[in-house]
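In case you want the letters, here they are:
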Amino acid sequence: MLGVQLAELLDADPPGVAEALDLVAGFDDTLVHGLARLGEERSAALTALAGAVAASPLGPAVAEATGKVAAGSVSDDHLAALAGARTALLGAVHDARLADLDAALGRTRDAWQEPPAAAPAARSMLAGSRSWLRELAIAGWRGVGHDLISAADQTIEALLAEPELRRLAVLLDGLAAELRASSPLATAERLPARRWADLWARALTLSWEDDVTDLSCAAPPVESVSGRLLLLGVDVHEHGTAVQAQVHAVLEPADGAPARLVRTSVVAAKVDTIVGPALWRLLHGHPVLLTALAERRALEVADLPLLPGGDLVWHDDRATAGEPADPFATARIQLAGALAPPVPPLERHPVRIAEPVLLEGYTTDGSALELDGRTLPVDLDRLPACGPLTPALVAASSACISLLRWDGGRWMVQPLAVQATVKRKPVEVHGGDWALGITDPKVAKAEARAGDAVAVLRERAGRLLRK
Amino acid sequence: MNADTAAWEQCSTVRVIPPVRPRKLAKVPFVELAEGRLQGVVSSGSDIARVYVSSIAARTHDYSCSTNNNRPCGGVSGGPCKHLCALVDEAVLQYGIDRVARYLHVEVGPESGGGGGADLMSRLSGSRESASAAVVFSRFLRHLAYLELPDTTAPVPELHWFPATEAVR
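Just so you know, the protein sequences line up as chains A and B, in that order.
Heads up: the first sequence at position 105 corresponds to 105 in this note's numbering, and the numbers run straight through without jumps.
Heads up: the second sequence at position 71 corresponds to 538 in this note's numbering, and the numbers run straight through without jumps.
Hints in this document: simulated from the structure, not taken from any laboratory.
Quick list of the computed label-pair ranges, beta carbon to beta carbon: (1) Glu135(A) x Glu574(B): 34 to 40 Å; (2) Pro441(A) x Ile484(B): 28 to 34 Å; (3) Gly503(B) x Leu465(A): 23 to 29 Å; (4) Ala329(A) x Ala585(B): 51 to 57 Å; (5) Lys423(A) x Ala601(B): 56 to 62 Å; (6) Ala601(B) x Asp102(A): 53 to 59 Å; (7) Glu135(A) x His572(B): 23 to 29 Å; (8) Glu114(A) x Ala601(B): 45 to 51 Å; (9) Asn536(B) x Pro60(A): 58 to 64 Å; (10) Ala601(B) x Glu135(A): 23 to 29 Å; (11) Ala612(B) x Ala329(A): 40 to 46 Å; (12) Glu459(A) x Ala474(B): 41 to 47 Å; (13) Ala336(A) x Lys491(B): 44 to 50 Å.
Computed from a predicted model, the values in this text were never measured in an experiment.
Even for Gly, the Cβ is constructed at its ideal location relative to N, Cα and C.
Looking at chain A on its own, in the form it has when it is part of the complex:
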């Protein structure tokens, strides 16, 4: 990314974004206090939301929902309409921001093609999810107590058992844990209103029983691809009971088609006491992928399903780790020309923006990168404990492969790899360096002292679970 591109990105001010976010904030406030206690001001916020989508196909349903909810009748259909309106607004913000980014980078993005509808899964447990989300909305975050939080446990347990519904299970589990940890909510100093409304709205969308609902994990993949996969870096996501390693890469298709940007993800369930580098041990069922990360190798892949949103569905047995491949070389040579994937409609939300870029020639104090007089803050909260990247390394860096993200009204970078100078020697550090084990002796020693959490819990599970 050049200074002039960064300037273009930072100067872009798509019309309507601030207004859309104001409407979202108004809706989010209704969830803080609960739909049972709307009052005049918060009813007006719902009416304003309905006004914003009035001209869209959602219009009539949202208008009706607004009236009914204000009158005290809260049904699943009404909530779905309201969540839909909020989702549509944030989807538009996402589109505007991603379009700015593509324009600034000169990145070409493939057009979305609706895949054939997935066969509806066995979704009787979705009713349980919807009813919990309804109770939350009626009570409002301030009114949510221990009993209501625990009421989700059974639903989550049932959802977890159904691999096709893992997305919803992981989401509800993450939300319930946050509600629990923030209790008592009635007197909490502050509440993450935007965040929880995001999670609530997405969960409601995923709980919707309708043949056209596209749970993309259940949708049949439209094509399968073979070729060489050149890794750019790994973005790790985690909450108490789930971890996802999402690898960003450039795919060179074997059929000679143009290179494309793809992601591939592996997700494992975990518990909250497994943290830091131990996370990789949960993903050991994907040794080829972990080897490619740790040893910075290219991958040869054969017949991997490619979902329409640019996600390769990983099959470790269809991949082999090949030659060493420097991710910085990939970023320098391939990133600018690779075809970017479209975003599935229901995933359109600003948090999903995570576009790989190469940044170099900047100066930095570690908290922001400065390039040709423009500054881009570094998201230091996204330097995870499972990898070797630290704020000090970012401060000493001269180039990085990063994801561009947009949250809280501003662009930020999340470094995935850095080239830095440490003790006057050049070093290159990647977030996935520890995928096969910690390579820093000091950190390894500290980890060894803490013992092997995964092994201890597996032993306990083996002894106690099947009695």
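Following the hints, complete the assembly by docking chain B onto the known chain A.
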């Protein structure tokens, strides 16, 4: 409401749960602050197949300790037993003393010198109660059951809301 709070409330990816610190799990495989209690499971020192379920209630600080089959712990009649002490020690390691003290409604002043579990323990003044071990034990089993779930390779885009935890620095 100040500007920082307003900005925080309008971010999608703010961290709500402070990161848990790594600790050895062999002695106390499970600790949680939930349902108005500090509760958890302590492995028996003598019998590998036996565990103790220990808990301390917030506010009253009443405590209990029994095996997972509801047999009372032999040590708990004379005051908090070694299992309860281990539970508190490990909770302090996992969550930090401030979070544990706040949950239990215990004052720990700065004069405690950053104190540990023993310091916290000395400030508890509850008496023995008999709480059912079954609920906590089943929560522990549910906790362990996560490790039995199969991996998936379908992407979970919702996890973009949950960045991996940074190191406790």
